[in-house]
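Asker: Using the sequences plus the hints, can you model the full thing?
Listed here are the chains, written in short residue letters.
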Amino acid sequence: MTESGSTWPADAINALVDRYERPLLAYAGRMLGGDWQGAQDAVQETFLRLCREDPAKIESRVAAWLFSVCRTRVIDMQRTNHSTPFDSSQIAVADNSPDVSESVINAEDRDQLYDLVEKLTNRQQEVLRLRLQAGLSYREIAEVTGLTIGNVGFHLHAAVRNLRDTLAVS
Amino acid sequence: MSDSIWDDPNVTAFILGELSTEEAEAFEDRIREDSSLAEVVAEARSVTNQLQIMYTEDASTTLDPKRRDAITEGNQTNTLAATRKVKWRIQLTLLATAAALLLLLGSPYLFETAHTVSNESADPFSPESRDSEGFSGSINAVESLVIDSSRDQPSGAVPATGMSHLNEMKSIELETLDEFGDGLQMDGEMDQDDVAGFGMGATAPRNVAQKKVAGDAATPFAEAPKSKTRFEQRAVEDVGLAKAAGPAAAPTAPARASTRARRRLADKTEIPGKADSLLIPDLPFIEDNPGDQNRFDNVTENAFKRVSDAPLSTFSVDVDTASYSKVREYLLKQRRLPPVDAVRTEELVNYFNYEYLPPKDDAEHPFAAKAEIIACPWNDDHRLARIALKGKTMKPKNRPLSNLVFLLDTSGSMNSPNKLPLVKAGMNMLLSQLGENDRVAIVVYAGSAGLALDSTPATKTRKIEKALNTLAAGGSTNGGQGIQLAYQTARDNFIDGGVNRVILCTDGDFNVGTTGTGSLVRMVEQEAAGNIFLSVLGFGMGNHNDSMLEQISGKGNGNYAFIDSQKEAQKVLVDQVSGTLVTIAKDVKLQIEFNPRMVSAYRLIGYENRVLAKEDFNNDKKDAGEIGAGHAVTALYELIPAGVQRNSVPPKVDNLKYQSPNKLTDAANGAESLTLKLRYKQPDGDTSQLVEFPVIDNETTFQDADHDARFAAAVASFGMQLRQSEYSGDWNMQNVIDVANDAKGEDMSGLRTEFVEMAEAAKRMKQ
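So the protein sequences, as listed, match chains A and B.
FYI, in numbering that gives the first Met the number 0 the residues of the first sequence are 0 to 169.
FYI, in numbering that gives the first Met the number 0 the residues of the second sequence are 0 to 766.
If you're looking for bench data, these hints aren't it; they were derived computationally from the structure.
By construction, the Cβ of each residue, glycine as well, lies at the ideal position given by its N, Cα and C atoms.
Treat each hint with caution, since some may be false.
[Claimed, not checked] To give an idea of the chain A side of the interface with chain B (calculated C-beta under 7 Å), a few residues:
hint, residue
1, 7
2, 11
3, 25
4, 43
5, 47
6, 74
7, 150
8, 152
9, 155
10, 160
[Stated by the list, open to error] Some chain A residues close to chain B (C-beta under 8 Å, calculated; not the full set):
hint, residue
11, 112
12, 130
13, 153
[Claimed, not checked] Derived DEER-like restraints, expressed as beta-carbon distance ranges:
hint, chain 1, residue 1, chain 2, residue 2, range
14, B, 37, A, 32, 20 to 30 Å
15, B, 96, A, 167, 53 to 63 Å
16, A, 14, B, 703, 32 to 42 Å
Answerer: Below, the structure written as structure tokens:
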């Protein structure tokens, strides 16, 4: 094995971090119930582990790999650290959110939708996030969560259906 | 409104672009033709769009700069470490390859040796069975020989442990296993490979694959290429094996015998090295020792059922524990695996005391019922529903007066120390629990029946002692007259509103002469209707008509326990005496209705001979099991949630032509997974009462479940593995041991620790 095949060139790592840090952070943050510091820890560790992996092995499925690892890490963290109260003052990160006026849906609708999503089962929320935020395919989501592909489709659809039901009523 | 359309996950899959080109095109066609589908798709699209926007905006935070730097540095330091690791991986790859090759190449050699062994053991069995002996002997002897001959393997890679090597490898090098993956996976292709000298290759991976049945462990990240599900896979294997088994003469590789034969054979051939204790496959008797004439009913395990075909599951409770004692006897005393049909999984689970709360004194019903759903530990995709009933407890002073007649088998076979002497000890223990207003009588049957002790107040210990001491074993068994006399005695001393019970203590074949089991059962039923109940205590292993005893105790509204030791006598006749004597609810039936929206298939674990037709639930004339004071009953269902494994349980019947599939009601929309219904009668009543409540799955993981739930699951898995169940998932005995140890709780009785011993013994014997 040559050296170049077994490590990541620096710019590759940077590119991957750029591309996946936000969805990973959002994913980890939600799974940790709003613990954004914890999310930062988890995602950092995820990327550090990425550096130790042989690129040739996972190049074709980096996204799924990243979310798998992050998920495992988050679950471990949840085990050892049962209640991490959400403290918004701890968010000391730069806020790169788009300008409010650029929002395509208005704030009220967004909040309402958010509340409704929170009411879905954990499974459904996770699958939604992995698909719509991380952009993983059904197959990748199946890898990450350990569900079958059929199951992934089922949960996604169930989430959409439930949301549509409640939105239709309100 | 278009509910069935909204049930189709393809709607969302289509919108998200997850359908293949053909599927998507077909779907588009459908949209064009069906306007209600178009509407549904439009609504779903709107929802997903909104969600997409929401999520994109939500993902706005980035890693803070310090962490960013840490990552870049981390990457640089890893460069050096990586090169070393790569070399290590090459070595492991080579090692694993060598191991697998040696395994495959070494197998013909192993078969030759094994075959010689089995042929030399001149068994007086028919010539045909000799061939199958060859198979069974070889299979088993091979497994044992592998362990021995493996020491000679030059590379140092031991095939038997080579397998575990491969298991470890899996976690290190997924890609490496891909190379072996095709060779080692259990699938239809194996059929061709089977016949040639690759039997060992076939057998060994079975162990590997058995441990990881959920999905393909060797290639977890590859899409499952086989559209066949696990259950269908097995059908294919069996068919393939049947073909291979036909022409196979002894020198060619022994294909695996058919599942059923192998079950029987494996019962006997699990003892490593003992290739000469073989038997004829497919007979209901397990005749390894001539003296071992135990008869167990052949039980076919409950299969998974589709909720759409069979939304109701109905069965009768069972508090018998005899199976557990028997299994314990086989494992710990006789040091061998129990015959598969001796294992009634529900009796194993019910043997233990769980911390179920009994009902309050003023509760409406004489028992408390609850249910919960947790993760299924032996199958990641499945859930486990646990139903728990607890009868109200009874303080001794509150116990109704007892009128007991002991019906003792004193035939010659009762002579051994684990029989008549134990009966006497047990009776003494029971007597110590009774008071002056309780009465006991002893009727014996052997040769002729006789009243050894007329009904006497329980406190007249000297008189009773004397009668007990004059009991001596002798003569042959003729139970028919004895039981009539026993019931008569009980009738003569009947206590209104009290406990009137015949307690049959026997070691075996309750020979009723020429009249047969049928009339015996009818008599028991009649007397039970007249409020004289029957319990059965089994002793000794020799001549046990287990199925008949279970039957009559069921009809007699009593329970059936097997007393194999003083300790067990203590448990049944002292600790649980109220349960043994006092029935607090009779004809207790359960009926579960599953919600097809939440559950697609289910499997009742155990209770095979307690299953009732759904119409029997409301039919009070149908007999069912009893709950004694303080008794607990646990029932487990393995559930396949909706959406998992689309066709894991394929429909057995074509779609109807004149009717369309079931419409779901509003109730199906909630979060309920199932509704539990219970019917029971008061001990002296004739009409049943109904208890009903829904159960919601709170997505509890296995680790978070309480220790009783985890322990019960471990015992259930233990039972399934002893039965060599095809449903035991990816657990092995070690999992059982680990979980049981962890979930023991205080275990004041030491019974749970003893269970762990049994599991360890079983593990050793299965190797």
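Asker: Run every hint past the structure and note whether it holds.
Answerer: Now for the hints, and whether the structure bears them out:
Taking 7 Å as the C-beta contact cut-off toward chain B, the hint placing residue 7/A at the interface holds, the least distance being around 6 Å. Interface restraint check: residue 11/A against chain B, minimum CB-CB distance 9 Å, threshold 7 Å, status violated. Nearest Cβ of chain B to the Cβ of residue 25/A: about 4 Å, under the 7 Å cut. The hint holds. With a cut of 7 Å, the hint placing residue 43/A at the interface with chain B holds, because the nearest CB-to-CB distance is about 4 Å.
For residue 47/A, the shortest C-beta to C-beta distance to chain B is roughly 5 Å, which falls under 7 Å, so the interface hint holds. Contact between residue 74/A and chain B, as hinted, is not supported at the beta carbon level, the nearest pair being about 10 Å apart and thus beyond 7 Å. Taking 7 Å as the C-beta cut-off, the interface hint given for residue 150/A holds, the closest approach to chain B being about 5 Å. Annotation: residue 152/A was flagged as interfacial toward chain B, and the flag holds, the nearest CB pair being 4 Å apart, inside 7 Å.
Taken as an interface hint, residue 155/A checks out: its beta carbon lies about 5 Å from the nearest beta carbon of chain B, inside 7 Å. A distance limit of 7 Å between C-beta atoms decides the matter here; for residue 160/A the minimum to chain B is near 5 Å, and the interface restraint holds. Because the beta carbon of residue 112/A sits about 5 Å from the nearest beta carbon in chain B, less than 8 Å, this interface hint is met. Look at residue 130/A: its Cβ gets to within about 7 Å of chain B, closer than 8 Å, so that hint holds up.
Residue-level restraint check for residue 153/A holds (minimum Cβ-Cβ distance to chain B is 3 Å; threshold 8 Å). Checked against the given bound of 20 to 30 Å, the beta carbons of residue 37/B and residue 32/A, roughly 40 Å apart, lie outside it. Between residue 96/B and residue 167/A the beta carbons are some 59 Å apart, a value that agrees with the proposed interval 53 to 63 Å. Judged by the Cβ atoms, the range 32 to 42 Å given for residue 14/A and residue 703/B holds: they are separated by roughly 39 Å.
In summary, the numbered hints that this structure violates are 2, 6, 14.
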